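> Residues per chain are reported as follows:
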Amino acid sequence: MNAPLLQVVDVTCRFGGLVANAGINLSVAAGEILGLIGPNGAGKSTLFNQIAGVYRPTSGRILFNGIDLASVAGPARCALGISRTFQVPRSFDSMSVLDNVIVGALVRHRTTAAARRAALSTLDYVGLAARAAAPAADLTPPEKRRLEMARALATQPRLLLLDEVMTGLTPTEAQHGVELVRRVRGLGVTVIMVEHVMEIVMPLVDRAVVLNLGRVLTEGRPHEIVKNDAVITAYLGERHRVA
Amino acid sequence: MAVVTPAPVTNAAHVTHRRRQLAAGGVVLVAVALLPLFVTDIFLLNVLVLTLLYAAVSQSWNILGGYCGQISLGHALYFGIGAYCASLLYVNFEITPWLGMLSGGALSALLALALGYPCFRLKGHYFVIATIVIAEIGLLLALNLELTGAALGIQWPIGDDSWLTLQFARSKLPYVYLALALLAVTWLVTWVIEESRWGYWWRAVKDNPEAAQSLGVDIFRSKMAAAAVSAFLTAIGGAFYAAFVAYIDPDSVMAFRFSLLFALPAVLGGIGTLWGPALGAAILIPLTEVTRSYAGGSGSGLDLVLYGVLIIVVALLRPDGIVSFLHRPTRNRAG
Numbered sequence: 091m092n093a094p095l096l097q098v099v100d101v102t103c104r105f106g107g108l109v110a111n112a113g114i115n116l117s118v119a120a121g122e123i124l125g126l127i128g129p130n131g132a133g134k135s136t137l138f139n140q141i142a143g144v145y146r147p148t149s150g151r152i153l154f155n156g157i158d159l160a161s162v163a164g165p166a167r168c169a170l171g172i173s174r175t176f177q178v179p180r181s182f183d184s185m186s187v188l189d190n191v192i193v194g195a196l197v198r199h200r201t202t203a204a205a206r207r208a209a210l211s212t213l214d215y216v217g218l219a220a221r222a223a224a225p226a227a228d229l230t231p232p233e234k235r236r237l238e239m240a241r242a243l244a245t246q247p248r249l250l251l252l253d254e255v256m257t258g259l260t261p262t263e264a265q266h267g268v269e270l271v272r273r274v275r276g277l278g279v280t281v282i283m284v285e286h287v288m289e290i291v292m293p294l295v296d297r298a299v300v301l302n303l304g305r306v307l308t309e310g311r312p313h314e315i316v317k318n319d320a321v322i323t324a325y326l327g328e329r330h331r332v333a
Numbered sequence: 051m052a053v054v055t056p057a058p059v060t061n062a063a064h065v066t067h068r069r070r071q072l073a074a075g076g077v078v079l080v081a082v083a084l085l086p087l088f089v090t091d092i093f094l095l096n097v098l099v100l101t102l103l104y105a106a107v108s109q110s111w112n113i114l115g116g117y118c119g120q121i122s123l124g125h126a127l128y129f130g131i132g133a134y135c136a137s138l139l140y141v142n143f144e145i146t147p148w149l150g151m152l153s154g155g156a157l158s159a160l161l162a163l164a165l166g167y168p169c170f171r172l173k174g175h176y177f178v179i180a181t182i183v184i185a186e187i188g189l190l191l192a193l194n195l196e197l198t199g200a201a202l203g204i205q206w207p208i209g210d211d212s213w214l215t216l217q218f219a220r221s222k223l224p225y226v227y228l229a230l231a232l233l234a235v236t237w238l239v240t241w242v243i244e245e246s247r248w249g250y251w252w253r254a255v256k257d258n259p260e261a262a263q264s265l266g267v268d269i270f271r272s273k274m275a276a277a278a279v280s281a282f283l284t285a286i287g288g289a290f291y292a293a294f295v296a297y298i299d300p301d302s303v304m305a306f307r308f309s310l311l312f313a314l315p316a317v318l319g320g321i322g323t324l325w326g327p328a329l330g331a332a333i334l335i336p337l338t339e340v341t342r343s344y345a346g347g348s349g350s351g352l353d354l355v356l357y358g359v360l361i362i363v364v365a366l367l368r369p370d371g372i373v374s375f376l377h378r379p380t381r382n383r384a385g
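Residue numbers (my numbering), protein chains in the order written: chain A, 91 to 333; chain B, 51 to 385.
It should be emphasised that the hints constitute simulated quantities derived from the structure, not laboratory data.
None of these values were measured; they are calculated from a predicted model.
All C-beta atoms, glycine included, are put in the ideal place defined by N, C-alpha and C.
The hints are all genuine.
Quick look at which bits of chain B chain A covers, simulated, 3 or more residues with Cβ under 8 angstroms:
#1 59-72
#2 241-247
#3 254-267
Build the full structure now, drawing on both the sequences and the hints.
Right, dumping it as structure tokens:
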């Protein structure tokens, strides 16, 4: 196993009296696809947003490549190599699809010409090249998710955080999404994906971490997770357990 | 069925597109420069100067309001600072208004940064309210400080026509060309910004700050930079105006209606676009100047009624501004 790219050490996050994350520990190896799963309110998004730099942990540390992220502000994390997508796509709607991706590419390129070249090849990579000139506002929901991916990839991340990218896609679209994530990993990008849809996540991820009520319930390989009693209880409740 | 049009997506196509914009700008520049050959009426030349001036200042406003999405209704403050700076330096120390322009610009840019530091933590309407209040404070200060001549204002001395003092009593023509040059400069600055890192960052900040931040955009610095550039150019416009009218008082350069007059052309023409402010000013300013002169003193509110009607019409029919009439329909919605 490679050295961990990301280490979450004893992270607790409180919002007033609500403890969204309570002493979470996990580590992600370079090149891994990690699934972050759990029922609603489990604290997945909170953890995700702390890694991305939207929230600060109340206590505990998050290390990226050995660097304590507490000292790295939100926008600087992108330069460091952390990129994310949003659960509800947040495209820049007054700009063209290409210009959206150029914004991401500008983190790695000094001139807009270089950024445009990079953005075009990224759009090609995610299969949106034909829509490059369209206003981002005109994209269909699945296309918008692709645009989110393209924008994030254009920043050349080492760690890509995917927030429910498969939600709301048809099975065919989701299949395309799965292939895209696999190809991205092939580039050497480490991926953490928050997902609800178990049947999509499980074949894709190397390892899954299950959160419940702000704590790590269990972690392991997908086929172990789906048989885990505690996971089934957390998702479906006590009475649905098959004895 | 979507119509496939060759869009400027590759670098080569984009460069061509940019060159065409520049060429169009050149054509308009020449056309306006030739206008005084056909228009000799003093009143009309005066309207032309004001139109070009408001186009230039609105173009400056558009950098912060249109591109970066930070709507300021307090730009009269920067306009006033430019006007007062140039006037005070010229009247008291005989320093050329050219230097007065630059120092007014620098002062305004610094003030914009100082004000931006607290204000850019405010969002949406709260930011707008803050800009209005701060500009009103500026107006009250100018009305009461001895330094600015208080309510009496500052009268420029009458002297010979000179490009050094920017005083021309015999002809309005130099002012036409100065205002045109000012518009050309603000237009060029906007044109350069559109294809710069800042241009992309500002539009991203306007559209979705959270997403921009996730892509490495420093939102606060983006807003500060836009505010500084916008304030600098607005103050240059104020300094020019002071030289043009040769007499300023707080109400004639810092009143709230100026803040509106800088925002309206951009909103009318197309906010956050290269040609919006100029187009908006070309329609709005002649219309209001003419109404004002024909309605006379008793109808002094008529121009305001006109703004109101125009804004309502544009907001209802063309929220993207008049400039959107010129664009080919690109909205080929998929599905």
